[in-house]
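Chemist: Take a look at the letters that make up each chain.
Number of protein chains: 4
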Amino acid sequence: MPENNNKYKKIGVLTSGGDSPGMNAALRAVVRTCNYYDINCYGIRMGYDGLINDHIVELGPRSVKNLINKGGTELKSARSEEFRTVEGRKKAAETIKKHGIEALVVIGGDGSFTGAMKLYEEQGVPFIGIPGTIDNDIFGTDYTVGYDTALNTVAEAIDKIRDTATSHNRVFFIEVMGRDAGFIALNTGIATGALDILIPEEKDSIEDLFQSFDNAKKKGKTSSIIVVAEGDKLGGVYDLAKFTKMKYPEFDVRVTVLGHIQRGGSPTVADRVLASRLGVAAVEGLIDGRCCVMAGMQSSKIVFTPIEEAIKKHNEIDKELIKVSNILSMQ
Amino acid sequence: MPENNNKYKKIGVLTSGGDSPGMNAALRAVVRTCNYYDINCYGIRMGYDGLINDHIVELGPRSVKNLINKGGTELKSARSEEFRTVEGRKKAAETIKKHGIEALVVIGGDGSFTGAMKLYEEQGVPFIGIPGTIDNDIFGTDYTVGYDTALNTVAEAIDKIRDTATSHNRVFFIEVMGRDAGFIALNTGIATGALDILIPEEKDSIEDLFQSFDNAKKKGKTSSIIVVAEGDKLGGVYDLAKFTKMKYPEFDVRVTVLGHIQRGGSPTVADRVLASRLGVAAVEGLIDGRCCVMAGMQSSKIVFTPIEEAIKKHNEIDKELIKVSNILSMQ
Amino acid sequence: MPENNNKYKKIGVLTSGGDSPGMNAALRAVVRTCNYYDINCYGIRMGYDGLINDHIVELGPRSVKNLINKGGTELKSARSEEFRTVEGRKKAAETIKKHGIEALVVIGGDGSFTGAMKLYEEQGVPFIGIPGTIDNDIFGTDYTVGYDTALNTVAEAIDKIRDTATSHNRVFFIEVMGRDAGFIALNTGIATGALDILIPEEKDSIEDLFQSFDNAKKKGKTSSIIVVAEGDKLGGVYDLAKFTKMKYPEFDVRVTVLGHIQRGGSPTVADRVLASRLGVAAVEGLIDGRCCVMAGMQSSKIVFTPIEEAIKKHNEIDKELIKVSNILSMQ
Amino acid sequence: MPENNNKYKKIGVLTSGGDSPGMNAALRAVVRTCNYYDINCYGIRMGYDGLINDHIVELGPRSVKNLINKGGTELKSARSEEFRTVEGRKKAAETIKKHGIEALVVIGGDGSFTGAMKLYEEQGVPFIGIPGTIDNDIFGTDYTVGYDTALNTVAEAIDKIRDTATSHNRVFFIEVMGRDAGFIALNTGIATGALDILIPEEKDSIEDLFQSFDNAKKKGKTSSIIVVAEGDKLGGVYDLAKFTKMKYPEFDVRVTVLGHIQRGGSPTVADRVLASRLGVAAVEGLIDGRCCVMAGMQSSKIVFTPIEEAIKKHNEIDKELIKVSNILSMQ
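For the protein sequence lines, the chains are R, P, F and L, in the order given. Letter 103 of the first sequence, counting from 1, is numbered 103 in UniProt numbering, and no numbers are missing. Letter 213 of the second sequence, counting from 1, is numbered 213 in UniProt numbering, and no numbers are missing. Letter 13 of the third sequence, counting from 1, is numbered 13 in UniProt numbering, and no numbers are missing. Letter 263 of the fourth sequence, counting from 1, is numbered 263 in UniProt numbering, and no numbers are missing.
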């Protein structure tokens with residue numbers, strides 16, 4: 001029997017916030033690692049609402065079979081208004097107590113971690129977080145669970161759009177997810193040979209975009225893809241398309257908003273392995289007495305980051321990638 | 001040497017209108033079948049504009065290698081305003097004469113066939129059409145080239161959206177292509193277990209839709225997909241979502257417009273084989289002295305349909321499919 | 001309430017023989033159509049062994065949710081030795097009687113239908129069959145459930161192999177499934193531009209194959225794919241590779257046996273819709289008093305074929321397809 | 001104009017050894033980065049044989065369009081016997097001199113780098129290497145170009161096999177690539193929930209494998225996947241299957257060798273971005289006066305490693321991953 005320093009007997013696990021591919025793989029890892037260390041594992045359904053309303057079920061190791069390659073989250077997820085109140089968190093703590101759950105593993109993003117932190121501060125429920133979001137914007141891990149899958153979903157969609165863009169000599173503005181972070185836009189833009197990439201972290205001007213079009217025309221490019229993150233400061237894809245059409249009436253300009261396909265799908269190997277590793281690490285971290293940290297991966301090693309840091313700081317866009325994009329797309 | 005009854009020496013081929021997956025496979029088949037019968041094949045770029053502006057290149061059998069699995073159209077496509085005029089078609093005929101091209105294979109939809117018919121009537125250029133469009137709305141063939149690929153692209157996207165719909169108990173309105181025809185919506189709706197499917201051919205009422213939601217609630221369904229064809233008469237996806245939210249404020253309602261991803265992608269086997277067969281049939285049809293017909297496939301056999309019929313008549317939605325959808329989705 | 005002429009109250013459903021993608025979609029359709037007609041539906045696990053050993057569970061309409069796009073068969077499948085005996089079938093009939101099951105829907109191939117027929121003749125249990133096999137070799141339906149998915153799985157695999165074949169100027173012999181039927185080999189061979197296709201239905205000679213290689217060399221082809229059905233009479237892929245290497249020592253010859261990946265995967269839209277239609281038709285057929293027939297699809301219409309015909313006769317390879325392959329590949 | 005410290009005017013690029021997905025993305029990046037720095041870029045076809053036989057063509061920036069998402073290598077690749085001789089390398093140097101090429105970018109693995117090093121030592125041709133191989137076994141980079149794509153190709157194949165394994169309660173031995181390295185086997189084994197994973201780096205015993213089977217039986221597992229790297233020391237998949245069947249006659253044991261599908265396919269986003277970054281870095285490295293190094297990525301940063309180190313040292317399997325696999329699979 002492997003050692004359980006903290007003598008935990010019961011651990012709960014939930015997914016919260018927007019779902020991301022790989023959450024099920026993380027859940028499976030949490031459940032099976034609990035079992036390995038002889039801990040009973042409880043699945044909490046519908047995020048924090050499930051704590052408040054007592055939607056809790058014990059999960060044996062075989063209950064998570066065939067989940068590793070499944071998109072979405074079997075536990076379901078939600079954003080809970082009630083849990084944002086002290087009263088709500090008190091109710092949640094009562095449910096936790098009732099079941100004898102001693103600690104939580106919280107799979108989600110910034111908002112989910114903030115909630116867990118408050119539950120700890122007010123009600124003393126220890127927890128470890130696992131970063132589950134497609135946006136890759138959480139500090140303390142090189143990659144978040146779901147990000148790699150989203151990248152490939154987006155690139156496959158843009159590859160398809162490129163077929164028709166090239167066939168018709170069209171300019172396409174494609175909106176991808178990323179309200180505050182341009183990781184998806186930047187990496188998929190490079191991966192699909194986008195002419196230009198607009199992200200929240202960069203101050204782009206419409207003149208820069210028009211400069212790109214002028215260069216492209218000079219080089220003989222007859223079709224172009226512009227990848228735009230949701231949170232881009234320059235304007236939404238529809239406005240960008242309108243301005244472009246005004247400046248270049250001869251262009252055949254189109255818009256596609258990729259939308260929710262980006263959140264689903266069977267996770268990639270990278271996401272399945274990452275989720276599995278973090279799931280094991282989270283349970284082992286609790287056993288080792290850690291609390292209020294996020295399990296992440298940096299340079300292929302497990303690293304625990306204090307949850308406040310994970311929430312407050314942000315991963316920065318690598319300037320080298322922007323340079324790579326500029327060198328490769330402008331020709 | 002196989003027989004060439006019509007003694008053609010030079011045949012031209014073009015793609016016109018919206019592109020569809022499998023057009024390249026059809027092009028490859030036309031080029032290689034010409035070569036097989038010792039006919040020189042000329043590729044016309046950018047649809048009818050390429051005829052007007054003399055963008056024509058001879059295509060040897062090796063020039064189309066590695067094309068069979070490629071989306072889009074290597075010849076490029078366009079809608080030509082000039083070709084809609086008698087003057088434009090006269091210019092086109094001059095280019096055709098200049099190159100010594102004796103007949104055309106036209107890969108496209110209704111509009112493309114109408115243009116070819118006029119060119120024949122006014123200028124005497126014989127042709128055979130190949131139905132290339134994702135909409136499957138052309139009479140005289142069970143399937144159009146690109147339709148099967150579009151079905152699978154749409155279903156894969158909806159499968160992904162379902163992951164997140166289920167995880168969050170959401171209602172999704174998903175718009176798919178089909179301005180005049182509901183084939184894509186109906187088949188992908190059945191294939192993805194949509195709660196309801198709205199198509200141009202059916203008179204739906206908002207009450208029917210609400211009835212579906214009421215039934216679903218009664219059965220305990222917590223998330224739903226509604227597939228809506230572009231051309232649905234009831235209203236666009238955004239309005240439908242708004243009305244639904246008004247009626248059911250407790251629903252978490254979302255909208256996705258799949259857009260141009262539906263036109264691209266590597267063709268499925270069914271589309272590659274269909275395109276190959278029709279490409280062979282079109283060239284052999286010309287050799288056999290046929291003109292002004294469309295090569296199609298009915299019950300797995302090649303059938304030639306007079307082009308006026310192909311344009312005027314329309315494939316009808318199979319009522320049995322609607323019944324199947326009703327039986328399977330309402331539970 | 002829709003009419004139930006035959007007054008059935010309880011119907012059983014099983015999958016038997018090799019599994020195929022879409023079996024779950026057929027199961028879902030059977031279960032939900034039963035529910036629609038107010039019939040209780042019983043799932044029999046592990047094929048006929050489940051009848052013998054009483055592995056039977058009632059299936060409500062919500063028990064088959066999220067199954068339509070899932071590969072394999074949730075009911076599991078098996079080949080049952082015991083059911084081949086009169087004694088075994090007697091035990092099966094006792095289980096059926098015990099549960100009050102009045103009729104069966106059998107999803108499988110030739111062997112599964114033979115078993116059902118014997119059960120009917122000896123024990124009077126009525127049934128309708130649904131053709132579920134990737135091989136497409138069952139008479140009475142244009143397509144079997146799983147065939148279209150297998151075609152696309154194979155073509156995607158060959159597309160990948162072609163990348164490396166082209167990069168290295170290699171000759172690849174690729175074995176695909178099809179012990180008695182060349183449908184998969186012929187259609188995927190055409191779809192991937194194979195130089196030659198070897199199928200059980202055709203008498204190929206090694207000289208024909210070498211002739212293909214000689215032609216290819218003359219045309220300047222530097223890499224080639226040969227698709228070989230398992231049941232090809234000329235010899236297995238390893239022998240073919242050996243003989244080819246002896247004749248053309250300068251060739252870099254490789255072999256790939258695609259194997260069991262061909263049976264799995266999420267079904268295509270065509271398979272999901274086909275399976276859904278046949279599942280509805282099978283239950284409605286029983287209700288209408290039909291027995292001992294197979295529900296199939298011909299020219300897009302539901303057709304019932306006497307089970308003996310379905311077993312004895314075979315779908316024939318379309319000679320036109322072989323001609324298409326010859327014209328397109330030899331250049 | 002960006003600075004070119006080394007005043008290079010002409011750089012050559014080749015792909016050598018086994019091909020891998022992303023080689024074309026690396027080629028595109030090399031060509032366009034050369035153009036960006038006003039250097040003429042020459043593509044050498046068929047690896048080192050192309051140097052010996054003067055198969056060299058100048059590549060402008062538009063010549064590599066639409067290559068970023070294409071599998072295989074457009075330059076083609078080969079293993080050159082002649083280049084292993086001093087005489088061969090002398091001929092190669094003469095070709096290089098004839099074209100005025102001043103430095104090389106070599107995309108390939110260990111063997112390719114060894115060849116480049118000898119060419120440098122004997123003939124003074126400077127070079128930088130880019131690690132292109134699916135095996136991920138090259139020291140100096142966290143990931144090699146093609147590895148991530150191969151992981152996903154393998155996992156998709158195993159997911160399909162799992163469908164049929166589960167449906168039939170079967171045990172599958174699946175051989176994946178990796179003659180000397182278990183990276184593919186270990187990561188895909190974890191990602192697909194394999195019961196056991198056999199890799200060259202670990203000393204496995206048949207008793208350990210049987211122990212896994214015994215545990216699985218105890219836990220109620222009815223089907224199992226065993227992932228085996230080509231280079232596993234315990235024996236090939238066929239022998240393992242035979243021994244397993246002898247020990248457990250009740251098992252339905254099957255074998256699949258995934259083979260060359262693992263080398264092909266459109267590269268993932270991770271591979272496209274990695275290849276793009278290394279392509280830019282290799283050219284900039286040459287410009288900065290570096291030689292005889294490999295451009296790699298460590299912790300998301302570009303790192304140059306002396307080529308001897310890259311060849312001699314090897315990436316080590318992460319023991320933590322083996323532990324993760326053991327915890328998660330044994331339940």
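Calculated directly from the structure, the hints in this document are not laboratory data. A portion of the hints provided could be inaccurate.
If chains are identical, the list can't say which one is meant, so a pair holds when it fits in one copy or spans any two.
What the hints assert, rightly or not - Here are the simulated lysine to aspartate or glutamate pairs, EDC-like style, with alpha carbons at most 20 Å apart:
{"#": "1", "residue 1": "K9", "residue 2": "D204"}
{"#": "2", "residue 1": "K313", "residue 2": "D54"}
{"#": "3", "residue 1": "K245", "residue 2": "D54"}
{"#": "4", "residue 1": "K98", "residue 2": "D318"}
{"#": "5", "residue 1": "K245", "residue 2": "D204"}
{"#": "6", "residue 1": "K247", "residue 2": "D38"}
{"#": "7", "residue 1": "K98", "residue 2": "E3"}
{"#": "8", "residue 1": "K301", "residue 2": "D142"}
{"#": "9", "residue 1": "K221", "residue 2": "E121"}
{"#": "10", "residue 1": "K233", "residue 2": "E58"}
{"#": "11", "residue 1": "K247", "residue 2": "E81"}
Quick caveat, the model's predicted, so the values are computed rather than measured.
Chemist: Work down the list of hints and note, for each, if the structure agrees.
Modeler: Here is what the structure says about each hint:
1. Taking the closest pair of Cα atoms, K9 and D204 never come within 20 Å of each other, the shortest separation being 53 Å inside a single copy and 34 Å across copies.
2. Proximity of K313 to D54 under the C-alpha cut-off of 20 Å is found in neither arrangement, the shortest distances being 33 Å within a copy and 55 Å between copies.
3. Taking the closest pair of Cα atoms, K245 and D54 never come within 20 Å of each other, the shortest separation being 54 Å inside a single copy and 28 Å across copies.
4. Taking identical chains as interchangeable, the C-alpha atoms of K98 and D318 are never at most 20 Å apart, the minima being 47 Å within one chain and 41 Å between chains.
5. Taking the closest pair of Cα atoms, K245 and D204 come within 20 Å of each other only inside a single copy of the chain (18 Å); across copies the shortest separation is 37 Å, beyond that limit.
6. Proximity of K247 to D38 under the C-alpha cut-off of 20 Å is found in neither arrangement, the shortest distances being 67 Å within a copy and 31 Å between copies.
7. For the identical chains of this complex, K98 and E3 are neighbours neither inside a copy (26 Å) nor across copies (51 Å), given an alpha-carbon limit of 20 Å.
8. Taking the shortest alpha-carbon separations for K301 and D142, both the intra-copy value of 10 Å and the inter-copy value of 12 Å come in at or below 20 Å.
9. For a Cα distance limit of 20 Å, the shortest separation of K221 from E121 qualifies neither inside one copy, at 58 Å, nor across copies, at 37 Å.
10. Neither within a single protomer nor between protomers do K233 and E58 lie at most 20 Å apart by alpha-carbon distance, with minima of 46 Å and 41 Å respectively.
11. Proximity of K247 to E81 under the C-alpha cut-off of 20 Å is found in neither arrangement, the shortest distances being 45 Å within a copy and 22 Å between copies.
In terms of the numbered hints stated before, the structure departs from hints 1, 2, 3, 4, 6, 7, 9, 10, 11, listed from lowest to highest.
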